[in-house]
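Asker: Starting from the structure of chain L, add chain G where the hints point.
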Amino acid sequence: MKFERYGIGIAKGLSVTIRHLLRRPVTTQYPEQRLNTSRRIRGNELIWDREKCTGCATCAKTCPQGVIHIVTSVSIEENKYKVEKFEVDTGYCIFCGLCVEACPYEALFMGYAYERARYRRGELVLAEEGLLASDERKPSGYAHPEIAATLPKQTLLLDKDRGKR
Amino acid sequence: MVIKTEPFVVNIGPAHPSTHGVFRMRTTLDGEVIVDMEPVFGYLHRGIEKLAEERTYTGCIPLTDRLDYLASMSNNLAYCLAVEKLAGIPVPERAEYIRVIMAELQRIASHLIAVGSFLNDCGAFMTPILYMIREREKILDLFEMVCGQRLTYNYMRVGGVSQDIPDEFLPALDKFLKEMPGWIDEYDRLLKENEILLARSKGVGILPRELAVNTSASGPVFRASGVKWDIRRADPYSIYDRFEFDIPTGSVGDCYDRYRVRIEEMQQSLRILKQAMEQLPKGEVRSDVPHLIRPPVGEAYGHIEAPKGELGFYLVSDNSIAPYRFHVRAPTLINLTALRDMMVGWKVADLIIIFGSIDICMGEVDR
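From first to last, the protein sequence lines are chains L and G. For the first sequence, the numbering used here gives the first residue as 46, with consecutive numbering after it. For the second sequence, the numbering used here gives the first residue as 264, with consecutive numbering after it.
Since the hints were derived computationally from the structure, they do not count as laboratory data. Cβ atoms here follow ideal geometry from the backbone N, Cα and C, with glycine treated the same way. Honestly, I wouldn't trust all of these hints.
Computed cross-link-like contacts, DSS-like style, restricted to lysine-lysine with a CA-CA straight-line distance of at most 25 angstroms [claimed, not checked]:
1. 267/G <-> 205/L
2. 455/G <-> 205/L
3. 198/L <-> 348/G
4. 57/L <-> 441/G
5. 441/G <-> 205/L
6. 267/G <-> 610/G
Just so you have them, the derived chain L footprint on chain G, three or more residues with Cβ under 8 angstroms [stated by the list, open to error]:
7. 320 to 326
8. 410 to 416
9. 425 to 432
10. 451 to 457
Pulled out of the complex, with its shape left as it was, chain L reads as follows:
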């Protein structure tokens, strides 16, 4: 190809890259600086409300991966189901959130957290006590707008990135 335009296009492109030297960085130093995630984040691990759960097993039927294992027995005195076992294998969970949406008694929540890596596969299987909400395990606002209103606002790159320095 013959050399036609004496590199005007290249010079134009370089002017853009040089201007970028003067821009603010948009990145964050992750372990030290943390950004707020979405209020509806579908974070690791489910959170289960033992009081509200009736043992209807709608969540287990909805789960596309089949990771929710629930065993119930009929208690004659109280005339309702008693949850014997509620177990979630989070190693196979794809965090689609369908169980949370399907729960008719609003007893399931997605977790408002990330960084839940484990050293052993066995620790990924969570049963009754491990599924309850605590200070570390907060529920997220996914399919629960009343919880979403209480969570901090999500940090957006749109607000952070102010272009020129």
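Answerer: Below, chain G alone, put in the same frame as chain L:
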């Protein structure tokens, strides 16, 4: 004295940085010139079509996220349209608008990666793709705000969307729409007239119009060959007949045209987004759909203009809770069938560019 040469076979891939996934090209080279090329698919086969036949209609939506993982929203939309056609489920007005907003944002995000990795393959190492990833990040933030995840959205449902958009979404989208045209201009200043890029991509890997029609290519690859074919116009689905937008086309069908068509499509998507945001009505976002959908016996094909081409889902129902047959018409698999004709006669260095200009996603090709 004449030197005797003979062609020899070189495998490019399956694990090669420029194949964007696990794809193998069995090339026959004569020196540096490609004499023959045979694509080898199937390294990422996960059996998604078979898996889907054992799940409920709603349970298949997370599976469609994992087809073209750079454009999950479009996959969700195409699948939901197919099920709605099959079962005759209406969609509320507001949900239709939210779907269009999401699909167009997804088109911009997918094209940013497509253009960025194409320029990366051309040798503009990392600079353009990082600029584009910055803007894609802003779109992913919006998606995260709406549905809680950044890659596998699982947002659309049969008969609407999973939940309404939050209050802070529309101001953020407005801000994005205001600043995005400036960034697109910056990409153009950066590389549109770059002499090296022009020399490497103009006239390279031409897909002639007739061949493009005969291989049933679609999407930007097809439009770059000069055919004005866009399913949003040719067979309007959802509410696309209410918006005003142009269909950008190329003239020659070379790699440069494909790159330009994608940039221009992003501008058209911004136009659609602006109109959809202004017209967005209030109301319900999900119609009343039973928990387990049992469509009547029959078949349906729902197709949309996904960022990479015509994405279609063919479903057959036998009146049970799971589809009897679930077939995906993946755009990039069909676009790849024209690859050999584009490549033969070019050199190995051009192979990388031609392949990069098709914009493939192996998750969708092999599924």
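Asker: Look at each hint and say if it fits the structure.
Answerer: Verification of the supplied hints:
Between residue 267/G and residue 205/L the CA atoms are separated by roughly 63 angstroms; this puts the pair beyond 25 angstroms, and the hint is violated. A threshold of 25 angstroms between alpha carbons decides the hint, and for residue 455/G with residue 205/L the separation of about 28 angstroms lies outside it, so the pair is violated. The straight-line distance between the Cα atoms of residue 198/L and residue 348/G is roughly 38 angstroms, outside the 25 angstroms bound, and the hint therefore fails. For the proposed pair residue 57/L and residue 441/G, the alpha carbon gap of about 24 angstroms is at most 25 angstroms, so the pair holds.
About 15 angstroms separates the Cα atoms of residue 441/G and residue 205/L, which keeps this hinted pair within 25 angstroms; it holds. Taken as a hint, the residue 267/G and residue 610/G pair is honoured in the structure, with Cα atoms around 20 angstroms apart against an allowance of 25 angstroms. Restraint check on the region 320 to 326 of chain G versus chain L: 6 residues with Cβ-Cβ distances below 8 angstroms, three needed, restraint holds. Note: the region 410 to 416 of chain G has 4 residues with beta-carbon separation from chain L under 8 angstroms; the three-residue rule is met and the coverage holds.
Only residues whose beta carbon comes within less than 8 angstroms of a beta carbon in chain L count, and the region 425 to 432 of chain G has 4; three or more means the coverage holds. Judged by the Cβ-Cβ criterion of 8 angstroms, the region 451 to 457 of chain G is covered by chain L as claimed, because 6 of its residues qualify and three suffice.
Violated hints for the displayed structure, listed by number in ascending order: 1, 2, 3.
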